[in-house]
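Undergrad: Please put together the full structure from these sequences, using the hints given.
Quick note on this note's numbering: the sequence shown kicks off at 65 and runs consecutively.
Simulated from the structure, these hints should not be mistaken for lab results. C-beta atoms are modelled at their ideal positions from N, C-alpha and C, and glycine is treated no differently. Among the clues, some could well be false.
[As the list claims (entries may be wrong)] Ranges of calculated distance between the beta carbons of each label pair, as one might list FRET restraints:
(1) Trp227 with Ala204: 17 to 25 Å
(2) Asp225 with Gly283: 16 to 24 Å
(3) Thr261 with Arg121: 27 to 35 Å
(4) Ser191 with Asp215: 28 to 36 Å
(5) Ser191 with Glu222: 44 to 52 Å
(6) Asp142 with Leu165: 24 to 32 Å
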Amino acid sequence: KRQCTLQLVFSPDLPADRQPKPGIIFRGKGTRIPRSETEAYHPDVHVYWQPKAWVDRPTAVKWAGDFKKDLAQKSFPDEKDAVDCCLLMDNLDAQWQKPYLAELKKVVKNKKKKSIRVFPWFHLADSTDLSQAVDAGYAAEIKVEMARKQDEWMDTPENLDKWCSGELTAGDRRILLTHWLGEAVEVVHSKPPNETTGKTSLWRYFEKTGCLMTIDGSGDKLIHIQVAVWFFSYVHASHILAHIQLSTLM
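TA: Right, dumping it as structure tokens:
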């Protein structure tokens, strides 16, 4: 049974403290969750509720609104010029719906009253394992770091006893999952550039999948798509971000 779904989005060149927040969708309606629990969630993780812990159409719209706020308040709060962002997405039903696209296309203003616009761009259907930057290693990194954070937490005998005895409540597990996710994202986003190439892994995930393809073909030799070759149209935007939904069983 799915316990939660991760909603991941990242930019290849924004610093760690300016990356949009990840999201996590828990099973249920979230109508009877005590304030003590919600206040204990990691502050840099958006939390959503859905009966099957999945991103349905209403949840997608909520996420889009939070994502736009993150861009204005966290990613580009002091930008003195208008910002155009290209959001690379999977080809999912919820992402094609008019309310979701309308939410994404709403223009938001940062602290400098400058406009921030988002232009949605869809990967080819059934090809995100080849062309999506999140699938090129980013999501796997996040899951590995989450598992590492879980191991660190369980290294404390008291915590291990709680885990093994079933003492942890569903709320306790949800709180822990938000913290493991938030801390994992911070670790992945803060990794230093490669000493040889000078590039971060975030940049490389975009580069090797062709998501940074240029109109003049420069840099094409750096594209290393697994299994097959796909062709993409060129998109001009000052900033580009990748977005994916990832189911997690824990």
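Undergrad: For every hint, state whether the structure bears it out.
TA: Status of the hints after comparison with the structure:
{"no.": "1", "hint": "Trp227 with Ala204: 17 to 25 Å", "in the structure": "24 Å, holds"}
{"no.": "2", "hint": "Asp225 with Gly283: 16 to 24 Å", "in the structure": "53 Å, violated"}
{"no.": "3", "hint": "Thr261 with Arg121: 27 to 35 Å", "in the structure": "41 Å, violated"}
{"no.": "4", "hint": "Ser191 with Asp215: 28 to 36 Å", "in the structure": "34 Å, holds"}
{"no.": "5", "hint": "Ser191 with Glu222: 44 to 52 Å", "in the structure": "47 Å, holds"}
{"no.": "6", "hint": "Asp142 with Leu165: 24 to 32 Å", "in the structure": "28 Å, holds"}
Violated hints, in rising order: 2, 3; the structure is consistent with all others.
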